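Student: Spelled out, the chains give:
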Amino acid sequence: MSPPPSGDGTEPADELAAAFADGPAFVPYLVAGDPDYESSLQYVEALARGGADVIELGLPFSEPIAEGPTIQSAIVRSLEAGMSPERFFAFVEELDVDVPLVCMTYYNLLYQYGAEEGSRPFVERAAEAGIAGFVVPDLPAEEAGPLRAACDEFGLDLIFIVAPTTRGERLERTRERVSGYVYVQARLGTTGAREEVSDRTESSLERIDDWDVPKAVGFGIKTGDHAERIVRAGADGVIVGSALVDVVAEGVEEGRPAAETAAILEERATELKRGALRGASEPEAEQP
Amino acid sequence: MSDTQFGRYGGQYVPEALMPALEELEDAYERYVLGNEDGFLDEFRERIRDFGGRPTPLGRADRLSDRYGREVYLKREDLLHGGAHKLNNALGQVLLAKYMGKERIIAETGAGQHGTATAMAAAHLGMPCEIYMGRTDVNRQRPNVFRMRINGAEVNPVDIGRGTLKEAISETMRDWSRTVEDSHYVIGSVVGPSPFPRMVRDFQAIISEEAREQIRERTGGLPDSVVACAGGGSNTMGMFHEFVPDEDVSLFAVEAGGSSLEVDEDAGVAPNSASLSTGADGVLHGARTRLLQDSDGQIMESHSVSAGLDYAGVGPELAYLVDEGRVTPVNVDDDAALEAFHRFSTSEGIIPALETAHAFAYLEEAGDELGEVVIVNVSGRGDKDLETVIEETDRRGIEAAPEMSVFDGGLR
Chain A
6 MSPPPSGDGT
16 EPADELAAAF
26 ADGPAFVPYL
36 VAGDPDYESS
46 LQYVEALARG
56 GADVIELGLP
66 FSEPIAEGPT
76 IQSAIVRSLE
86 AGMSPERFFA
96 FVEELDVDVP
106 LVCMTYYNLL
116 YQYGAEEGSR
126 PFVERAAEAG
136 IAGFVVPDLP
146 AEEAGPLRAA
156 CDEFGLDLIF
166 IVAPTTRGER
176 LERTRERVSG
186 YVYVQARLGT
196 TGAREEVSDR
206 TESSLERIDD
216 WDVPKAVGFG
226 IKTGDHAERI
236 VRAGADGVIV
246 GSALVDVVAE
256 GVEEGRPAAE
266 TAAILEERAT
276 ELKRGALRGA
286 SEPEAEQP
Chain B
2 MSDTQFGRYG
12 GQYVPEALMP
22 ALEELEDAYE
32 RYVLGNEDGF
42 LDEFRERIRD
52 FGGRPTPLGR
62 ADRLSDRYGR
72 EVYLKREDLL
82 HGGAHKLNNA
92 LGQVLLAKYM
102 GKERIIAETG
112 AGQHGTATAM
122 AAAHLGMPCE
132 IYMGRTDVNR
142 QRPNVFRMRI
152 NGAEVNPVDI
162 GRGTLKEAIS
172 ETMRDWSRTV
182 EDSHYVIGSV
192 VGPSPFPRMV
202 RDFQAIISEE
212 AREQIRERTG
222 GLPDSVVACA
232 GGGSNTMGMF
242 HEFVPDEDVS
252 LFAVEAGGSS
262 LEVDEDAGVA
272 PNSASLSTGA
282 DGVLHGARTR
292 LLQDSDGQIM
302 ESHSVSAGLD
312 YAGVGPELAY
322 LVDEGRVTPV
332 NVDDDAALEA
342 FHRFSTSEGI
352 IPALETAHAF
362 AYLEEAGDEL
372 GEVVIVNVSG
382 RGDKDLETVI
392 EETDRRGIEA
402 APEMSVFDGG
412 LR
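Protein sequence lines, in the order shown, are assigned to chains A and B.
Counted the way my numbering counts, the first sequence spans residues 6 to 293.
Counted the way my numbering counts, the second sequence spans residues 2 to 413.
Isolated chain A (complex conformation) (with noise of 0.2 Å):
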């Protein structure tokens, strides 16, 4: 893992930037220790071989408001087995990618891991233990101001969610607060894997057209086709959770061997990052 950045009140650290700097970055989504913790291990790392460029890891909490069936199902799992903060930064110690982490979770959990201190001890702890960036979807700019100090002094990214309601006022409130890529939520709802690509993604992408950080969108994409899609229309990410969540949760009911699903995983990263390369390459180059 990339080494702690000093404490001394540096600027976010560029290395998310980074990963969106060679075309599309693809940027998949597990929930960590689902649904065991040796599992997910290998689960992860399947994802880094299979192209991600950044990898975004849930840490579960018991009360997680903004996901749908697959990810709350799947934040079961990891609770069940025994996954905590602590054995969160354990397992971000063990993995052996090359890949900037960023954990998802929610406030909460940062919040009561400090005490008194607030989130400061929790981004101070995350940052030694590798992670690039932090997405709390329970954390409007509005509430961000004590994280995003934290995030400041330790050089940790913080990653906003601008949603297809997120207009005016709000826009520039995240704007200003934002670092590392801004997280585009292309339909209303919770988490979950569509069919359909919301037409509401492309008049999101347009309201921050002239921002500077690389705009990544989730929310519903499930194929390689979708991620085309979706970079086609100006993304400079896609981000997938469910569609992978789905992968592992197939394998549990199927009492198939991880390695197994790894496998599957990988096969599906591929696809998903080969999606996205099409979307940034020109449209007749499809057809030779």
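Worth flagging that the hints you see were computed from the coordinates, not collected in a lab.
As the structure is a computational prediction, the values presented were derived from the model and not from experiment.
Worth double-checking, as some hints may not be accurate.
For each label pair, taking beta carbons as the anchor points, the in silico distance ranges come out as [stated by the list, open to error]:
{"#": "1", "chain 1": "A", "residue 1": "Ala95", "chain 2": "B", "residue 2": "Arg68", "range": "53 to 61 Å"}
{"#": "2", "chain 1": "A", "residue 1": "Ala264", "chain 2": "B", "residue 2": "Asp267", "range": "30 to 38 Å"}
{"#": "3", "chain 1": "B", "residue 1": "Glu44", "chain 2": "A", "residue 2": "Arg237", "range": "46 to 54 Å"}
{"#": "4", "chain 1": "B", "residue 1": "Arg396", "chain 2": "A", "residue 2": "Arg212", "range": "58 to 66 Å"}
{"#": "5", "chain 1": "A", "residue 1": "Glu91", "chain 2": "B", "residue 2": "Gly127", "range": "50 to 58 Å"}
{"#": "6", "chain 1": "B", "residue 1": "Gly54", "chain 2": "A", "residue 2": "Glu211", "range": "47 to 55 Å"}
{"#": "7", "chain 1": "B", "residue 1": "Met101", "chain 2": "A", "residue 2": "Asp217", "range": "31 to 39 Å"}
{"#": "8", "chain 1": "B", "residue 1": "Thr347", "chain 2": "A", "residue 2": "Gly260", "range": "57 to 65 Å"}
{"#": "9", "chain 1": "A", "residue 1": "Gly150", "chain 2": "B", "residue 2": "Gly326", "range": "22 to 30 Å"}
{"#": "10", "chain 1": "A", "residue 1": "Glu177", "chain 2": "B", "residue 2": "Arg219", "range": "52 to 60 Å"}
{"#": "11", "chain 1": "B", "residue 1": "Asp160", "chain 2": "A", "residue 2": "Ala26", "range": "42 to 50 Å"}
Note that beta-carbon positions come from the ideal geometry of N, C-alpha and C, so glycine has one too.
Assemble chain B onto chain A, guided by the hints.
Tutor: Just chain B now, with coordinates in the frame of chain A:
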């Protein structure tokens, strides 16, 4: 302190997609509720009178007054339409949603009282309505499920977790994040992101507005103490609000002590719902407040024999008033609440909700701190709880309970 907070509590910890809806709601709250724009408040007052049956009476509890040697007065929210204080808020919010041009109502419910009140208000005002309710609560509050369905609401059981209020709130928030543009989420208590805690309190404050006038008419002065049960805290804040500036009036929030105040961290279970008495600071369902949680910050499964108190959090303003020393949190356990349920029913001729029974159980345990004159908020009636009460009474051998084996071969 910003106006979304009560001291360090409150705030707006919600997904970004919901933030614009909270801003829209804040604006509507200020204009219609605080500013009476388009005569909103006039219409609300008229409807809560004609449809709801306000004002509710304040009556003296003769036998309890004798028993405790103090003047015990009852604020009769059980007589509000629907049988609980919940309609004050539900009618207010459904009407507000109408003024805002929303087309659909969603709500969560624990005991089913809020869901019932919302379903009634939605039917009354001609709005489609969907209620989320944990599976455990669906099973233990069947009469309310029937009432909601009969009023035309959809009832969606929530199978996640232990299937109680916490899960129902999370699921309603998920629905809202999908449907935010045309739906209004009628939250059922003084919980959730700002402006809900303030707005729900303002709709419920009609309880203490009336009670404060009524007790002055009856006794010529203010009470020494006011007692209300506290789960999320909407009847509590409604009953306390107008008395908060009256420094000589003591305010007691009675929480559900459940079966024990001890916590089983490994199982993730707190067998009580006493977040003011035993909880710690945290963020849940949009607000920073006091919560039942483990040392990692995972939310505990709470417990109470009363479904309406069975919640791991509490309204942020109540947490603030407790920190400030203005409100005293106390708690009574399941057994004491059941004893009080029977004692109150037989001695006063009023069958209280199991939630309300907690407030009466505290009268039994309290000493001089209550003073000469005490008002207890009868937050709801107990018809919905009869099945649970009979079952639990039987199981525990509650002393104050009447003999129920009037049927051949006993009760069942």
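Student: At the C-beta level, are Asp160/B and Ala26/A separated by a distance inside 42 to 50 Å?
Tutor: Once the Cβ atoms are compared, 45 Å apart, the range 42 to 50 Å for Ala26/A and Asp160/B holds.
Student: Return holds or violated for the Cβ distance of Glu91/A and Gly127/B against the range 50 to 58 Å.
Tutor: holds (53 Å)
Student: Could you say whether the range 52 to 60 Å given as a hint is met by the Cβ separation of Glu177/A and Arg219/B?
Tutor: holds (56 Å)
Student: Could you check the hint for me, namely that Glu44/B and Arg237/A are 46 to 54 Å apart, CB to CB?
Tutor: 51 Å Cβ-Cβ, so the 46 to 54 Å window holds.
Student: Falls inside 22 to 30 Å, the C-beta gap from Gly150/A to Gly326/B?
Tutor: holds (28 Å)
Student: Quick one: are Arg396/B and Arg212/A within 58 to 66 Å, going by C-beta?
Tutor: Between Arg396/B and Arg212/A, where Cβ atoms are some 59 Å apart, the hint holds.
Student: Could you check the hint for me, namely that Gly54/B and Glu211/A are 47 to 55 Å apart, CB to CB?
Tutor: holds (53 Å)
Student: In this structure, is the beta-carbon distance linking Thr347/B and Gly260/A contained in 57 to 65 Å?
Tutor: holds (58 Å)
Student: Are Met101/B and Asp217/A spaced within 31 to 39 Å by their CB atoms?
Tutor: holds (36 Å)
Student: Using the Cβ atoms, figure out if Ala264/A sits within 30 to 38 Å of Asp267/B.
Tutor: At 32 Å between Cβs, range holds.
Student: Using the C-beta atoms of Ala95/A and Arg68/B, is the stated range 53 to 61 Å upheld?
Tutor: holds (59 Å)
In summary, this structure violates none of the numbered hints.
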